[in-house]
Amino acid sequence: MSDRTTEKTGRAQAQVFRRVNRDILATLRLPGAGWAIMMAVVLTVLAIGVIAEIHMLKTGIGVTGLEPPIMWAVLITNFVFWVGIAHSGTLISAILFLFRAQFRTAVYRVSETMTVFAVMTAGLFPLIHLGRVWYFYYLVPYPNERFLWPNFRSPLVWDFFAISTYFTISSVFLYVGLIPDIAVARDRARTRFRRRLYGTLSLGWQGTDSQWRHYNRAYLFLAGLATPLVLSVHSVVSWDFAMAIVPGWHSTIFAPYFVAGAIFSGVAMVITLVLPLRKAFKLEDYIDEYHLDRLAKLLLLTSSIVFYSYMVEIWTAWYSGSPYERAVFWDRLFGQYAWAGWIMYTCNCFIPLSLWFKRVRTSWFWMFIVSIFVNIGMWFERFVIIVQSLAHEFEPFGWDYYKPTWVEMAITAGSFAWFLMWFLLFIKFLPSMAIAELKELLPPRLKRAKQELEEA
Amino acid sequence: MSAELLERGVRGAFYTLEEAAHAVDVLEENGFAQRDVTLFSPIPTAEVEEHFVRPRSPVRYMTLAGGILGCITGFALTYWTFFAWPLHVGGKPVSSFPVTVVIMFELTVLLGGLFSLAAILIFSRIPALTTKPGYHPRFSEDLFGVFVHTSEDEGKRSASRVLDGLGALEVRDEPE
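Those protein sequences? They're chains A and B, same order as listed.
Everything in the first sequence is counted per my numbering, starting at 15 for the first residue and increasing by one.
Everything in the second sequence is counted per my numbering, starting at 8 for the first residue and increasing by one.
With the rest of the complex left out, here is chain A (with noise of 0.2 Å):
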């Protein structure tokens, strides 16, 4: 290659990588009347969740639908729906970073944003369930003066481990990979407030080769860490449930299961938050079709593991010859909970399946709308499992009939604004896309621009 063609390639691509700063810092611009007007309608409907935490704390945790033998139902299947989001963050950003799939460059910073505000979202609803928020530490392990520890024999305080290490390991590799970025940020900040945060922020990051050389070794060995995490804190957090011999939950598909489903519903929470990022900030060269149909792919193997574990879960049922766990799961079908049931077999099972087709699966509008379906479709999943299988139990006078009173929904919605208020906030303080990656791995589109501008 001749001296002249070198430094044609080299200014296209200066010239693409100065356009990948541009669009990416584009994104922390002071917020628009579309930001605000968002912000405003979030903050209002957590208020409400937060007045309705507020009466729960000073009547009592009556005010809620629980009643024997249903003790434990919405604010428990927010907690497990919530941690399933959080499952795909991780998976996209680890697993998918050991398996060098490239597609995950330009969603992994979003997925793992949502990663961590997922779990912050659901580590609030055991806190709230307990409704005597303030004896939350008994779960801590810490030396008291009677030596009362926890009991390790209990799912619940491997739970307490398993999400507090999720947390903190998902927060550190978040930060660790905004490190580069925020130091691009920095570089170009233009008011003293941001150079600040972002001086700050970035902790002096240079990018020296030596730098660089620690970095991407300790980013593999996080994500090697990571890896297994994911795949055992959706497991533990099933154990909550298949440790105990309540019909319908006791059974060991539970911990595969449940992974398929976290992973499931957090690819289509990734969709629903991306689409719309992309088109607020004008990112179409960065997320294309490309992605789109990498992400539709994930979401329906995911969702035929969950179709199939369906299928198992009915018929380990009849084969088992229990007549417990055939009654639950003949009322999960047919009985009084059979309304929450078809919604879950339809959002979960069949809605996804119109992805076999690509033109559903690189439509924009039809992504959105299937995403849509399948949060609700998990969020019904984890209500079915937890709230149908204990008003089903063994004994017919114990059968009950949960309805969720207005506290519960409140709070419910409260945590939807919750997780979207971070969000919020987010997309505005730091950088939504991996600059620096982005620039290694460039997306098609700006792979064909890089192309364009050296051969002109």
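It is worth saying that the hints were derived from the structure and are not from the lab.
One or more hints might be untrue.
Here chain B is said to cover these stretches of chain A; the calculated rule only asks that three of the stretch's residues, wherever they fall, bring their Cβ under 8 Å from a Cβ of chain B [to be verified]:
no.: 1; region: 19-30
no.: 2; region: 152-158
no.: 3; region: 162-170
no.: 4; region: 233-243
no.: 5; region: 275-282
no.: 6; region: 449-462
Here are some, though not all, of the chain A residues that point toward chain B, as calculated from beta-carbon distances under 7 Å [to be verified]:
no.: 7; residue: N35
no.: 8; residue: T179
no.: 9; residue: V198
no.: 10; residue: G218
no.: 11; residue: Q220
no.: 12; residue: P290
no.: 13; residue: A294
As the structure is a computational prediction, the values presented were derived from the model and not from experiment.
For every residue, glycine included, the Cβ atom is placed at its ideal position computed from N, Cα and C.
Given the coordinates of chain A, assemble chain B onto it according to the supplied hints.
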């Protein structure tokens, strides 16, 4: 288009990683020790490691140490608490190994991850309060920088000659 003479060395910028990495090789051939050369890159530079004969990153040992410490802590915590407050139920043993596996695993990952973070901070020498000599904001944007640490005039002239010969650019604040 030329390398710049700065107070503590000479800086040259390049459009591509290949050019910058080649400059590092040529500087070495011209008698500059690798420890005196710093390469700045806006992208993760896996290829650059091939050009620098530097010791393998010791991050791995920190991660391993954290993992082992976490695993031992998980085992010790659960077993100690089993016996600190024994729960005798149905004549079963007070301790239970399968239960400890979950806690051992979680703490292995937790401390392994935290030690990896600590390793990045320690070995990358961050948080840094001062800018490294030779850094320019465009090295996080679109250019690759090579900085030769030398305060002697002769060294500066020699490094400048080498970098100029390789077509090094002068870095400007505003991209051209």
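Now the hints, each set against the structure:
For the region 19-30 of chain A, the stated coverage by chain B holds: 8 residues have a C-beta nearer than 8 Å to a C-beta of that chain, and at least 3 were required. By the rule of at least three residues with a Cβ nearer than 8 Å to a Cβ of chain B, the coverage given for the region 152-158 of chain A is violated, with 1 such residues. Given as covered by chain B, the region 162-170 of chain A passes the check, having 6 residues with a CB less than 8 Å from a CB of that chain where 3 are the minimum. Under a criterion of three residues with beta carbons nearer than 8 Å to beta carbons of chain B, the stated coverage of the region 233-243 of chain A is upheld, 6 such residues being counted.
Counting residues of the region 275-282 of chain A whose CB lies closer than 8 Å to any CB of chain B gives 0, so the stated coverage by that chain is violated, three being the minimum. With 4 residues carrying a beta carbon less than 8 Å from a beta carbon of chain B, the region 449-462 of chain A meets the three-residue requirement, and the given coverage holds. The criterion of a C-beta within 7 Å of any C-beta in chain B is met by N35 (chain A), whose closest approach is roughly 5 Å, and the hint holds. Interface restraint check: T179 (chain A) against chain B, minimum CB-CB distance 4 Å, threshold 7 Å, status holds.
For V198 (chain A), the interface hint holds, the least distance from its beta-carbon to any beta-carbon of chain B being 5 Å, beneath 7 Å. Proximity of G218 (chain A) to chain B holds as hinted, the smallest CB-CB distance being about 3 Å (cut-off 7 Å). With 7 Å as the threshold, the beta carbon of Q220 (chain A) comes within range of chain B, its nearest partner Cβ sitting at about 5 Å, so the hint holds. For P290 (chain A), the suggested interface contact is broken, since its CB lies about 28 Å from the closest CB of chain B, more than 7 Å.
Interface hint at A294 (chain A): violated, since its Cβ lies 24 Å from the closest Cβ of chain B, which is beyond the 7 Å cut-off.
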